[in-house]
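There are 2 protein chains.
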Amino acid sequence: MRISKLVGERIKETPNSATARSHSLLLRAGFIKQVSNGIFTFLPPAQRVNLKMQNIIREEMNKIDGQEVLMPVVMPKEIWEKSGRYFSIGNEMVRFKDRNDHDMLLGMTHEEAAVHTCLNVLKSYDQLPVMIYQFQTKFRDEARPRAGLLRVREFTMKDGYSFHSSQEDLNKYYQKVYEAYFRIFKRLGMKNLIAVKSDSGMMGGDIADEFQLLVDAGEDDIVMCPHCDYKANMEVATSNLEQINFKDEPLEEIFTGSAKTIDEVCDYLKIKPCQTIKAVCYAVINSDELVICFIRGDKEINEPKLKKLLSKEVVITDLTGTELVKGNIGCKDLNIKNAIILYDNSLKGLCGLVTGANKEGFHIKGVNMARDIKPENYYDIAKVSEGEKCPICNQPLEIKKGIEVGNIFQLGTKYTLPMEMKIHTQDGSEINPIMGCYGIGVGRCLASVVEESSDEKGIIWPMSIAPWQIYLCPLRMDDEKIKAEAENLYQTLSQDFEVLYDDRNVSAGIKFADSELMGIPIRVVISPRSLENNQAEITIRKTGEKTFVELENLKYKLNEIIKSLS
Amino acid sequence: MRISKLVGERIKETPNSATARSHSLLLRAGFIKQVSNGIFTFLPPAQRVNLKMQNIIREEMNKIDGQEVLMPVVMPKEIWEKSGRYFSIGNEMVRFKDRNDHDMLLGMTHEEAAVHTCLNVLKSYDQLPVMIYQFQTKFRDEARPRAGLLRVREFTMKDGYSFHSSQEDLNKYYQKVYEAYFRIFKRLGMKNLIAVKSDSGMMGGDIADEFQLLVDAGEDDIVMCPHCDYKANMEVATSNLEQINFKDEPLEEIFTGSAKTIDEVCDYLKIKPCQTIKAVCYAVINSDELVICFIRGDKEINEPKLKKLLSKEVVITDLTGTELVKGNIGCKDLNIKNAIILYDNSLKGLCGLVTGANKEGFHIKGVNMARDIKPENYYDIAKVSEGEKCPICNQPLEIKKGIEVGNIFQLGTKYTLPMEMKIHTQDGSEINPIMGCYGIGVGRCLASVVEESSDEKGIIWPMSIAPWQIYLCPLRMDDEKIKAEAENLYQTLSQDFEVLYDDRNVSAGIKFADSELMGIPIRVVISPRSLENNQAEITIRKTGEKTFVELENLKYKLNEIIKSLS
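Just so you know, the protein sequences line up as chains W and E, in that order. Numbering of the first sequence is given in the working numbering, commencing with residue 559 and proceeding in unit increments. Numbering of the second sequence is given in the working numbering, commencing with residue 559 and proceeding in unit increments.
In isolation and in its complexed conformation, chain W is listed as follows (with noise of 0.2 Å):
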């Protein structure tokens, strides 16, 4: 490829849309162009890296018995009607008229089109497993498309789906996956790649996987436990928690003035926020239903979790229309209709505590929660903080950033049932298949691996997804031996490489920036002084690292090169 007639333009600044590095240096090196909020087109230099990428997904999921298919990105409500998702979902999925004012969609995801394939297809349990898996377009509305293509509305996704006829079955297959994903992401260069237990969400489910690439531009908190194994998302992650003993008293109702927040509080009765309770309060959507949380003064409420133990979408609320006294929620004698009362572990077996009188103005101090609350439960609602302790060797925590580059979920007959999916067993009953489900995002992959591998120069591209292997870099290209020479070696190297021949007459300066930018594993330079010698200069974009090669040796110093870099 020449550069001159490359489309996609090298651009000096950082533009002021890109919050993301991988963000900004996809945009100034031409791999990709906004054509909405979260829609982008992939210019050629991120086709070829994208057409790479599913190459290699492609393979693993072969080498596993993955059948590969198409399903379509527009499906009717039907299909998703069985499932109870075409209504459980919110406005995050597409739904429109057809021309014949037929409800139609746009999938996010293609369980229901994936059992629709193999109704009536896959009959008997002799024929199972089955794996199908495909890469095609989703299309998630989401609320706040940011980062490039970290998070966007438009994607390529590789989605498998597997049928199982015992959880056994299921298991040993999802194994597989498993070691397939950390082969995969292996392959695309990724360093700190990591898997952890998650929520399923949305597909529903009961053991679910990601795999998450340590950056700091993650959006996705993960605890880890440097000394054991244990490493989970956030929204599911626990901890054991200090015990923690104040002195038990009576009740006693105080004044507290306008304090209101734990902070106001803990200054004015001069405590810490973990002797307090406080009470974050939920409203349940599309509902008049209350939800009153109650957990340590020093916690946070982790709301998918509250959402998965609900099963209810709720959303934080200002209490406009009830009687609550914002600030001054207390357990003690709290009188609501219609609310939902819970409290989180982290309160279990403390006294001394102070919370609100539901009065203005007033706290009660000296709550002894089982004397004087007596919960008939506690609950896991609450996020793990740094240094609590690990759940399985109680060693102190960390949290590092994420991004989910990859998912895997059992799904059981969450799908099989409703939409009737039945298989022959061995001893002629009928049951309804068990299914896993297996993600990975093609686009989020690009750019995660473009956050863990780049510099302050740009892109550093690992040699198995680069768009090219060589940027065949001539110097003065405005004299004509150059030029000669330059085409020729061009034709010459592409017929072994993926060259990306610089054939602009512009500075070496200009040059060496755009190669750079654009993360191209390997430079080859030649310039007047090189041929003199009858050499060219080679850097490696990785480390810097520099060699003169004689050039009847080049192709063979190439090879080599780019054999220790795969």
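Treat the hints loosely; a few may be bogus.
Just so you know, same-sequence chains aren't split out, so a pair can sit in one copy or run between any two.
Said to hold, decoys possible - Pairs of lysine to aspartate or glutamate, EDC-like flavour, derived with a Cα cap of 16 Å:
no., residue 1, residue 2
1, 890, 811
2, 941, 726
3, 1115, 1103
4, 906, 930
5, 917, 821
6, 818, 918
7, 621, 1056
8, 563, 684
9, 563, 727
10, 830, 856
11, 1121, 684
12, 655, 700
13, 570, 822
14, 1113, 1013
15, 696, 656
16, 1039, 1118
17, 830, 659
18, 890, 1061
19, 805, 918
20, 621, 737
21, 563, 626
22, 681, 567
These are computed hints drawn from the structure, not numbers from a lab.
For this one, chain W is given, so just place chain E on it according to the hints.
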């Protein structure tokens, strides 16, 4: 691939829903499954064909310096507003509002997106010519999807867009694509493939060629001259009409009673249809304007020509609400306001004709066009009929059925002008680059190959795009020796070939029928008898030719056959 695990069931009976040979065969052989009207899932065998086809097309596009990109399926209204197509395209385009109430649409084609991609990226004449292309999902909400993959609503298209600094440069590049298309269709295994001049339809622009595969299931009429090279889609085809001379007589109003249609009038007056003037009336869509077309009674109106002439969408009207006398409309003394009146070339120079008298029960005879009507212009708005004379060599024309598998258009500045894409020319001025666009419907090609290449037993895949090269077909799988040898052969052959392994313990009849229905080019049978002689039986799907081969020569022989079939 083991057939026992293959997602894709073979069915004996032709499904009721199938209206075309390819539709029936692709359903019966387990290649596709319908999800909704005009929306299909590609099962694993079809997706294998699909990927091979895409690779062939990709190779040929890259050979003519195409740069692969990926533009989005979902686009914002804005970029389609500038070109005017947001409004001019009807309900074939899916429009919806996103969660932020923003108008969005599903891409039916990507001219606007291609200009958006290159806007401010291509800036100078010396960057051109440039061609970008993609494989991307399109959605066209067709009124009448039909015939399986031949006319669908959702499909994958290879669409390419080129940019040029001069018409000469476009002409040169257009010719390159034209030749690449022939190479592509040949490599896809198509035989009766021709290029014809066509109408540019909604793409706009002037020059357009279609690539038509001549098969009975085609829905396009192709006008061809068997004597010279003239070929054109009926939409744009012309012919030299035979000069017909009737006796020149004075005008005379005659009673024709209830005779209304051309046939009735001819019966009544004992004349031939070619001696009459037929009136065909259209309403302009979204307007109260009428279009009245007069044409020789034996000819039909060519609606695409008419629409192009008018640059308006029109539809046949039943004349309700007009003062026209149905069945008696004539061109002599026709008094009507707000109507466009057009005369077809077929009437030019004729005399002695019969036309309606514009009153109930009467016609006028003796019409001499030049004497009595004196139209300012005659236009070509007629369909060509079989046997009319070739406009080039005056020999009788033939009409054949074709499937449009690809098309190429010269677009001029139809998109770059309104979207304000400009490039610097050599003399320092600015111009709007000139565009070409180039489409291939991948799924339609797949079905077209099946239309052309199949027999009563099933599909006959060309080797280049066959889902598997070899169908390994052991007989008597209940025999342990056969089973062991088959497994062994499957492993060995899979190292070098793409093998579909029929590992089922079913009859030879079922296995042979499935291998023929699925159209795998080579069948390799081992049976207790063949193993006695240490042989396998090879059958070529296309010819039915059978040979016995020693097992130790099998790989060599298969290589030879694959080469000869490629």
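Right, here's what the structure says about each hint:
Taking CA atoms no more than 16 Å apart as the test, residue 890 paired with residue 811 passes inside one copy only; the shortest distance there is 11 Å, against 104 Å between copies. Taking the shortest alpha-carbon separations for residue 941 and residue 726, neither the intra-copy value of 32 Å nor the inter-copy value of 67 Å comes in at or below 16 Å. For a Cα distance limit of 16 Å, the shortest separation of residue 1115 from residue 1103 inside one copy, 14 Å, qualifies, whereas the shortest one across copies, 51 Å, does not. Within a single copy, residue 906 and residue 930 get their C-alpha atoms as close as 12 Å, which meets the 16 Å cut-off; across copies the closest is 105 Å, which misses it.
In the homo-oligomer, the alpha carbons of residue 917 and residue 821 never lie at most 16 Å apart, since the shortest distance is 19 Å inside one protomer and 95 Å across protomers. In this homomeric assembly, residue 818 and residue 918 come within 16 Å of each other (Cα to Cα) only inside a single copy, at 9 Å, whereas the closest approach across copies is 91 Å. Taking the closest pair of Cα atoms, residue 621 and residue 1056 come within 16 Å of each other only across two copies (14 Å); inside a single copy the shortest separation is 26 Å, beyond that limit. Within a single copy, residue 563 and residue 684 get their C-alpha atoms only as close as 55 Å, which misses the 16 Å cut-off; across copies the closest is 8 Å, which meets it.
Taking CA atoms no more than 16 Å apart as the test, residue 563 paired with residue 727 passes between copies only; the shortest distance there is 15 Å, against 53 Å inside one copy. For the identical chains of this complex, residue 830 and residue 856 are intra-copy neighbours only, at 8 Å inside a copy versus 99 Å across copies, given an alpha-carbon limit of 16 Å. In the homo-oligomer, the alpha carbons of residue 1121 and residue 684 never lie at most 16 Å apart, since the shortest distance is 43 Å inside one protomer and 36 Å across protomers. For a Cα distance limit of 16 Å, the shortest separation of residue 655 from residue 700 across copies, 13 Å, qualifies, whereas the shortest one inside one copy, 21 Å, does not.
Proximity of residue 570 to residue 822 under the C-alpha cut-off of 16 Å is found in neither arrangement, the shortest distances being 48 Å within a copy and 78 Å between copies. For the homomeric pair residue 1113 and residue 1013, neither the shortest alpha-carbon distance inside one copy (28 Å) nor that between copies (51 Å) is at most 16 Å. Only between protomers do residue 696 and residue 656 lie at most 16 Å apart by alpha-carbon distance; the minimum there is 15 Å, versus 19 Å within a single protomer. With identical chains, the CA atoms of residue 1039 and residue 1118 are never at most 16 Å apart, being 28 Å at best within one copy and 47 Å at best between copies.
Taking the shortest Cα distances, residue 830 and residue 659 never come within 16 Å of each other, neither inside one copy (61 Å) nor across copies (47 Å). Proximity of residue 890 and residue 1061 under a CA criterion of 16 Å is satisfied in neither setting, with 78 Å inside one chain copy and 70 Å between copies. In the homo-oligomer, the alpha carbons of residue 805 and residue 918 never lie at most 16 Å apart, since the shortest distance is 26 Å inside one protomer and 109 Å across protomers. Taking the shortest alpha-carbon separations for residue 621 and residue 737, only the intra-copy value of 11 Å comes in at or below 16 Å, while the best inter-copy value is 38 Å.
Taking the shortest alpha-carbon separations for residue 563 and residue 626, only the inter-copy value of 13 Å comes in at or below 16 Å, while the best intra-copy value is 35 Å. For the identical chains of this complex, residue 681 and residue 567 are inter-copy neighbours only, at 10 Å across copies versus 53 Å inside a copy, given an alpha-carbon limit of 16 Å.
Going down the numbered hints, you'll see the structure goes against 2, 5, 11, 13, 14, 16, 17, 18 and 19, while the others check out.
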